[in-house]
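Residue numbers (this note's numbering), protein chains in the order written: chain U, 1 to 292; chain L, 1 to 71; chain H, 1 to 198.
Calculated directly from the structure, the hints in this document are not laboratory data.
Just so it is clear, the structure is predicted and the values come from calculations on it, not from any experiment.
Every residue gets a Cβ at the ideal spot worked out from N, C-alpha and C, and that includes glycine.
Where hints are given, some of them may not hold.
[What the hints assert, rightly or not] For the chain H half of the interface with chain L, some residues (derived, Cβ under 10 Å), not all of them:
no., residue
1, D43
2, P46
3, A144
[Said to hold, decoys possible] A few chain H residues that face chain L, going by a derived Cβ cut-off under 10 Å, partial list only:
no., residue
4, E26
5, L41
6, G44
7, E48
8, Y73
9, T74
10, D77
11, V107
12, E145
13, K147
14, K158
15, R178
16, R179
17, T195
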Amino acid sequence: MFRELGRLQGRVSIPDAKAATLEQPQGRDWRQFREGWLPWIGALAVLGMLLALFAFYFTKGRIRLDHTEESGTKIQRFNAFERFTHWLTASSFIVLALTGLNYIFGKRLLMPLIGPDAFATLSQWGKYAHNFLAWPFMLGIIFMIVVWLKDNIPNRVDVAWVKAGGGFLGDAHPSAYRFNAGQKVVFWLVMICGIAMSVTGIIMLFPFSATDINGMQITQVVHALIGVLFIAAILAHIYIGSLGMEGAYDAMGSGEVDLAWARRHHDLWVQQQEAKTASGPQIGSRGAVPAE
Amino acid sequence: MEQDKKGVDRRKFFGALGGASGVAVAAAVSPLTATVAQAYDPGSAETKTRYRESEHVKAFYRTNGYETLKK
Amino acid sequence: MARMKFLCDADRCIECNACVTACKNEHEVPWGINRRRVVTLNDGKPGERSISMACMHCTDAPCAAVCPVNCFYTTADAVVLHSKDLCIGCGYCFYACPFGAPQYPRVGNFGSRGKMDKCTYCAGGPEADLGTAEYEKYGSNRLAEGKLPLCAEMCSTKALLAGDGEIIAQIYKERVVRRGYGSGAWGWKTAYRETVAI
């Protein structure tokens, strides 16, 4: 695919370098990808993940909050800037994901429902949103590296966590520092996919400035493939952070979580926090100085 | 006990929601198989034939062919 | 029914670029947009050939297939046209087009493209024939006037042929037979899945 076979390259007297390509049969391969494979890959990834999440929810249900004597006491898990970083990235991601999926599925699902004119207007705004919200998304990725990289370096505790099934598949609650192995996977997934989407996205925001026609085609293929897988993965992240686990949403909502929940899921991190705040109570007080 | 009962209700609520969205997704996906990329149809007036073999066009064909040089 | 095609007799094209100029003038095409261009292969070497290329108005057009808003349509003359009211300027048609026909005005930051513009086979667009709205968006509609694309009509060496595919194929065949050589109908296999059998 996309080999430079059969491409006819010549010379033109106009200053548009890409006009010098007389014929590029690779366009047919790109068409085959975009119209033949991508809708199936995208539908399989997104719907497959949704089905898996439904199946998990109906067989296993929510992971409940255990009530202990510490229930009701709050501990700050994410400070205001961390939450801002999360929601900046998350809100732009959702718009980017929906407008991105619109490029693939819009004409198949939405256009028959609302008609060509309304759909074209919507897609036009969707394109603007996709192009402009890419920048806050990339800023969010950079902020995430700054605030969370140090807590996401894999260590020995993660091995034990994975062996115990993360308390997700099994019933145990293995030890974890601030982020358990599962959360670290999400972090690194967001980093790798986010950076790959950013790089390919920037190449497409400045078309033909970095590469030629075949390079643009490959860039679009990479962007689309990683995009649909990224969306599927984030669906799982949204599930576990809201519906899947009781008490988890508070961490990114109010920034404060139930101490009982924290001790259950991040026992080593709670110990660290308690050691840090031995001189001044961080636990249970509102407006405390972030533990950084 | 009362709290447990509430929890069950909520679970049922999400179950119903899940079932409903499953149906919605299935309904939304069904045209995926049916629709092959089709250009839109702007109407018969726009797609009607415009080409006609007028004298002008015939002159073009005549002057471009060798056969006319003999005449 | 006649199927419109372009055929560039590369053994006759002298790269004068008059077709490019005529096209730009006829349709008042904005700066930076070339609906037609002349590409020279093997420039300065033996076997040098110049080919005038624009939209070939393909059978089963790739641009129409990949368009995310389905703004393309094919007329009864087999001319591939599009609606600038629907086009969102995503650039996908340029990735898919084997001939590099779609053109975009640059309209702002981040390399953002405006509505796509391409060769209309001098057949206008979805607006009413020969109206001002059609002219402003798509240029003139010579086909509706009973004429052929200006690029072919004014070609000084009669290299560029336009019109009914069967008739221009016949003209080209006669030329090849008479003179004894011909480099083939450029792009026909890709665009129409057939070529001119000599």
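Broken hints, by number: 1, 2, 4, 5, 6, 7, 11, 17
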